[in-house]
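Asks: This is what each chain is made of:
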Amino acid sequence: MDLFTNLALGFSTALTPENLMFCLIGVLIGTAIGVLPGIGPIPTVALLLPFTFGLDPSSSMIMLAGIFYGAQYGGSTTAILVNVPGETSSVVTCIDGHEMAKQGRAGPALAIAAISSFFAGSVATVVIVALSIPLSILALKFTAVEYFSLLVLGLFAAVILAHGSVAKSLAMVVLGLLIGLVGIDVNSGAARMTFGIPELSDGLDFVPVAMGLFGLGEIIANLERKQERVLIKQSIRDLMPSKADLKAAFPAMLRGTAIGSMLGVLPGGGAALPPFTSYAVEKKLAKDPSRFGKGAIEGVAGPEAANNAGAQTSFIPLLTLGIPANALMALMIGALMMQGIQPGPQVMTEQPELVWGLIASMWTGNLMLLIINLPLVGIWVSMLKIPYRLLFPAIVLFCCIGTYGISNSLFNVWVMLACAGIGYFFIKIGVEPAPLLLGLVLGPQLEENFRRAMMLSDGDATVFLTHPISAVLLGIVALMLVALMSPALFRKRREALAE
Amino acid sequence: MTGRKIDLQDALFGAFLILVSGGTLLATTKLSIGNAAEMGPGYMPRAIALILMAFGLFFTAKGLFRGGEGRGIERIHLRPLPGILLAVGVFALLAESAGLAIASLSTVVIAGFAGPEHRFFESVIFSVVLTACAVLLFVKVLNLPIPVWPW
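In order, the protein sequences belong to chains Z and L.
Taking UniProt numbering, I'd label the letters of the first sequence as residues 1 to 499.
Taking UniProt numbering, I'd label the letters of the second sequence as residues 1 to 151.
Hints were generated in silico from the structure; no laboratory data involved.
It is possible that part of the hints are untrue.
To be verified - Stretch by stretch, here's where chain Z covers chain L in the computed footprint (C-beta under 8 Å, at least three residues): (1) 6-19; (2) 34-42; (3) 47-56; (4) 91-98; (5) 114-125; (6) 129-142.
Claimed, not checked - Sample of chain L residues at the chain Z side, in silico, Cβ under 7 Å: (7) LEU78; (8) PRO82; (9) ILE84; (10) ALA87; (11) VAL88; (12) LEU105; (13) SER106; (14) VAL108; (15) PRO145.
To be verified - Not everything, but these chain L residues come out facing chain Z in the computed CB check (under 8 Å): (16) THR24; (17) ALA27; (18) THR28; (19) LEU31; (20) ILE73; (21) GLU74; (22) HIS77; (23) PRO80; (24) LEU81; (25) LEU85; (26) SER104; (27) THR107; (28) ALA111; (29) ILE146.
Built from N, CA and C at the ideal position, the CB exists for glycine as well.
Using the sequences and the hints given, assemble the complete structure.
Replies: Written out as structure tokens, the structure is:
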């Protein structure tokens, strides 16, 4: 069985002491930043990227992935105990999770969140295994034409499914694409938009851009808001949920996992959409919907399962097609490229130990999270007591040093400074910066494939419609656009996202 | 607010896009465009800049004339923005010349001023602790090639 040899290879990679350690470091850092509101996984991964260069590619991916799903666990802890979502994905958990905590059931809420996440994570790992091989076989048939169309589809879908105004997000993708073109043109060797700055000839590094836009811009905006946190001050005994709790939570957990696994694969699905959908579904299915918002355990189990399943299955398009589903996956693509690995369908065959090791590590990582998280809850709670006035200067400093560390150049620090200002501007005018990062990372690939396709077809743009796979992909894009224009659907989407 | 509402958020976003697009078009005038089959280095930047220009005009027009919800900009506070930018700028200026220790001390203290509640002594003590951690972690453990002291 091909599948089992692959999995065996994966586990043999993931279970080496070294990789287990990196996985542990990843999930611990992830949980920590997940617990702390105000710093998310995107700047953290960006910050740690420079220090993973020296590592083996599989170790570095294992650690970075651990940060991502670890943050989902941590985010729910804050949501339950403080009623502040540590991450956007745990906004829904606040509703019933915090209510449970207020009723003195913080322990069971935390435990159910962890168990649901572990269950979902394990199932999602299997989903990844099952979907990866067929998708990558399909993808190996791709030429530049199909690849270009796929990139277009990926970008469109990511924008449409993510929250915020679609028109603004599209504009941000285009802006990102444009910034991605800065540097020496590979085909002609001409410098483009470098303004005579030698550091720009290799293009704009996405790490300082990400840290400026997501890390520092967010801090500046945070400092303007009033911070109010009410920590539940009860000792967390009785961690174990009762039999009745488990019985109520289990079906919600199953449904949440299914929803998360499906939505996570979609570009733009990532971490935000699944928990919202799951919560809405649970509320609809419940015999007594009025319990929701008053500490219903299903309202914790479902969304938590969905959010973790989604976080993991969003790796599928990345691993099989080289298409990032969200801004964080775009960073992972960047990490691969920095390791000298060109992301795309060939990664599956050329770097099997990387892909399968990463997949297997998600399971071991989830197990670690389940085991360490509940006993460590006290530590996480005490981290919450660190006041923001001490936290943010530390983040600023680490962003500076981390950015410097990418290529030991201060130029990147200046880039980050500029992006911090721009990021703040974007927040002020209500524009979501994530699509820009997608465009920035995919820009060079998009141009390369477009040029190659046009060269092969001798300048005939209809080539994208005459190749069947490409035509189907672009057809989906067109359908999405049409659907978006139709007012009825537009309202539905609005409602769904507003909930 | 007067009778006609201006949606400042949309209008500013549009203006920003037009600015970037215009800058790109200016910066790429010397690059050859080529043709669709043999694209020159200027083809894609200019094509994308033109799309961006269209977006920019759309948002500016929408913000100025259609008004929408007439969203303004929330008040900009005096300290956070300049405080954080200055902290980063000082790091960039000092890191290589004066060393990591002095640079991170200054960055943390300046960043402290950006917050709504500032306690000077706490901030200084904290910066010393943080600097020690940063030097240990980045220079000693992770071997970042950066001088620690100016000498």
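Asks: Compare the structure with each hint and give your call.
Replies: A quick look at each hint next to the structure:
no.	hint	in the structure
1	6-19	holds (count 7)
2	34-42	holds (count 8)
3	47-56	holds (count 6)
4	91-98	holds (count 4)
5	114-125	holds (count 8)
6	129-142	holds (count 4)
7	LEU78	violated, 10 Å
8	PRO82	violated, 10 Å
9	ILE84	holds, 5 Å
10	ALA87	holds, 5 Å
11	VAL88	holds, 5 Å
12	LEU105	violated, 10 Å
13	SER106	violated, 10 Å
14	VAL108	holds, 4 Å
15	PRO145	holds, 6 Å
16	THR24	holds, 6 Å
17	ALA27	holds, 5 Å
18	THR28	holds, 6 Å
19	LEU31	holds, 6 Å
20	ILE73	holds, 5 Å
21	GLU74	holds, 7 Å
22	HIS77	holds, 5 Å
23	PRO80	holds, 4 Å
24	LEU81	holds, 5 Å
25	LEU85	holds, 6 Å
26	SER104	holds, 5 Å
27	THR107	holds, 5 Å
28	ALA111	holds, 4 Å
29	ILE146	holds, 7 Å
Checked against the numbered hints given earlier, this structure breaks hints 7, 8, 12, 13; the rest are met.
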